[in-house]
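Peer 1: One line per chain: the protein sequences are R and V, in this order. Each residue of the first sequence is one higher than the one before, starting from -5 at the first, in the numbering used here. Each residue of the second sequence is one higher than the one before, starting from -5 at the first, in the numbering used here.
Honestly, the hints are just simulated from the structure, not real lab data. One thing to keep in mind: the hints can contain errors.
Treat identical chains as interchangeable: a pair holds within one or across any two.
Mimicking SDA-like on lysine to any residue, the simulated pairs with C-alpha atoms at most 25 Å apart in a straight line are [as the list claims (entries may be wrong)]:
1. 53 to 150
2. 270 to 90
3. 270 to 211
4. 53 to 267
5. 48 to 223
6. 177 to 266
7. 48 to 253
8. 48 to 130
9. 135 to 120
10. 48 to 152
11. 135 to 148
12. 270 to 212
There are 2 protein chains.
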Amino acid sequence: VSREQFPNGLSTIEISATNRGLAYGDGVFETMRCVDHEIPLWAHHKERLLQALKRLQIKLDEPLLESELNGVIAKLPAQGAAVIKLIVARGDSERGYRADPDAESWRLWQILPAPPLYSGLLTLGLCETRLANQPLLAGMKHLNRLEQVLARLEWQDQYQDALMCDYHSNVIESVSANVFVLKNNRLFTPRMDRCGVAGVLRAFLINRILPQLDLPVSETEISLEDIRNADGLWLCNSVRGVGEVGQWLDVSWRPSPRFVAMRRALHSGLHPEWGK
Amino acid sequence: VSREQFPNGLSTIEISATNRGLAYGDGVFETMRCVDHEIPLWAHHKERLLQALKRLQIKLDEPLLESELNGVIAKLPAQGAAVIKLIVARGDSERGYRADPDAESWRLWQILPAPPLYSGLLTLGLCETRLANQPLLAGMKHLNRLEQVLARLEWQDQYQDALMCDYHSNVIESVSANVFVLKNNRLFTPRMDRCGVAGVLRAFLINRILPQLDLPVSETEISLEDIRNADGLWLCNSVRGVGEVGQWLDVSWRPSPRFVAMRRALHSGLHPEWGK
């Protein structure tokens, strides 16, 4: 799938010179997998987006959001997968940090090629870059992403992703995904209330898929030692799906039937073409 | 001074749709007071900028920086004050967080009206928004500024600025300035190694002005109680200059001759027209 297929695979855009997304990272984003004109996780993306905008006091008219999304989807071929990326920044003001509370948000919609879903056994590293604890921003997919950028600078192609800890050495997430740890037929996933991005697929798994599978899941603190002693380590990302880790540092795991069952339940819960 | 006087008081700009400043706040900025075609603090702005870019591994050709600055200054009227704002973002890549290590940075120069220097006795508040400790980003004027945006949302016009603490209740800075605390003829200013922006004027005061004045200064931890017990509280900002706080919550201070002496030394150390 090449970018040229997508009518708004934008190369340049015109923005206000005082755009607050650019000036301060003052906004949030969503990257959404669209399959056959449908975003199976849309309700969850929308919920996270609106919650974040509320926390940040950014105004967005919800019917406008829906109508813009429909306009973007209408530009896509009827069949196939694509990624729709939405950036919402706080509306303009010209007063430094001070915001205009009445300014409607600014939005950028982009259509991008869908990357392949995770497949096979993933190899993970461990980042030296740590996440700061900031409860006021925790969970949101906001535009202040220098920690992830610094973390991703730590390696080239040696592994597909890498775990990140906070300064208390709790494992929080990988650079691009949320993590689930399998131990004694239970799942554990890091709390997202002090740092980290609370992924949309993570929420869907916890609330909709895992309850079908007799796989109890807890949101908790997870140490590197917990990962080392785990029976399995899984990643999830709303664009790449779910992935099973085969190797992390000197620890290896074999493919697990529990992962296969979870992935099957996820794919049938999402969209008939999601896993194709 | 109106914006229209400035030939590049840009209203809109064209950027790449994948601009990393917009997508991730992946860059830094400087706002610089220019007086009569001169930026008195340029050497310090440049030093901070280059240090930050080095820490973030963003490429910027230094001669190019100087030549672009000269081009911007040439557009200004020969007399008078203006603010030059520079945003430097990491050069484009199209791979999510992953950066292209060879990409030259992207730069945006803007000419803005100079705000008045601080004058009179300032009134300060105290923010509930706290700064997260992140040594990897501390000190830099990077584009991840959601904490300052949230802090500035806490008030309208009741005071001119407000102090911010970290989660250990150390006072770090105000939303828009660095702070100096006067106590027993000594100055104290918060450490900038865990959070906060290490201001260019702060550095100039510490290294060049205060040593002339027999005002010993220490970079240290400062509590709210220290502020309450202080003999004076001063702000500094490279665009607004130095300001003396008259009121903070229920604490008030009278004008101090030490402040007047410091400001006089600063102004004559900067530029004959700086304080006009």
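Peer 1: Look at each hint and say if it fits the structure.
Peer 2: Each hint tested on the structure:
1. Within a single copy, residue 53 and residue 150 get their C-alpha atoms only as close as 39 Å, which misses the 25 Å cut-off; across copies the closest is 18 Å, which meets it.
2. Taking the closest pair of Cα atoms, residue 270 and residue 90 come within 25 Å of each other only across two copies (23 Å); inside a single copy the shortest separation is 47 Å, beyond that limit.
3. Taking the closest pair of Cα atoms, residue 270 and residue 211 never come within 25 Å of each other, the shortest separation being 27 Å inside a single copy and 65 Å across copies.
4. With identical chains, the CA atoms of residue 53 and residue 267 are never at most 25 Å apart, being 35 Å at best within one copy and 42 Å at best between copies.
5. For a Cα distance limit of 25 Å, the shortest separation of residue 48 from residue 223 qualifies neither inside one copy, at 39 Å, nor across copies, at 38 Å.
6. Taking the shortest Cα distances, residue 177 and residue 266 never come within 25 Å of each other, neither inside one copy (30 Å) nor across copies (70 Å).
7. When the C-alpha separation of residue 48 and residue 253 is checked against a cutoff of 25 Å, the pair qualifies neither within a copy, at 35 Å, nor between copies, at 42 Å.
8. Proximity of residue 48 and residue 130 under a CA criterion of 25 Å is satisfied intra-copy only: 12 Å inside one chain copy versus 29 Å between copies.
9. In this assembly of identical chains, residue 135 and residue 120 lie within 25 Å of each other by CA distance solely inside one copy; the values are 21 Å within and 27 Å between copies.
10. In this assembly of identical chains, residue 48 and residue 152 lie within 25 Å of each other by CA distance solely across copies; the values are 24 Å between and 39 Å within a copy.
11. For the homomeric pair residue 135 and residue 148, the shortest alpha-carbon distances inside one copy (21 Å) and between copies (22 Å) are both at most 25 Å.
12. For the homomeric pair residue 270 and residue 212, neither the shortest alpha-carbon distance inside one copy (30 Å) nor that between copies (63 Å) is at most 25 Å.
Hint compliance for this structure: hints 3, 4, 5, 6, 7, 12 are not met, and every other hint is.
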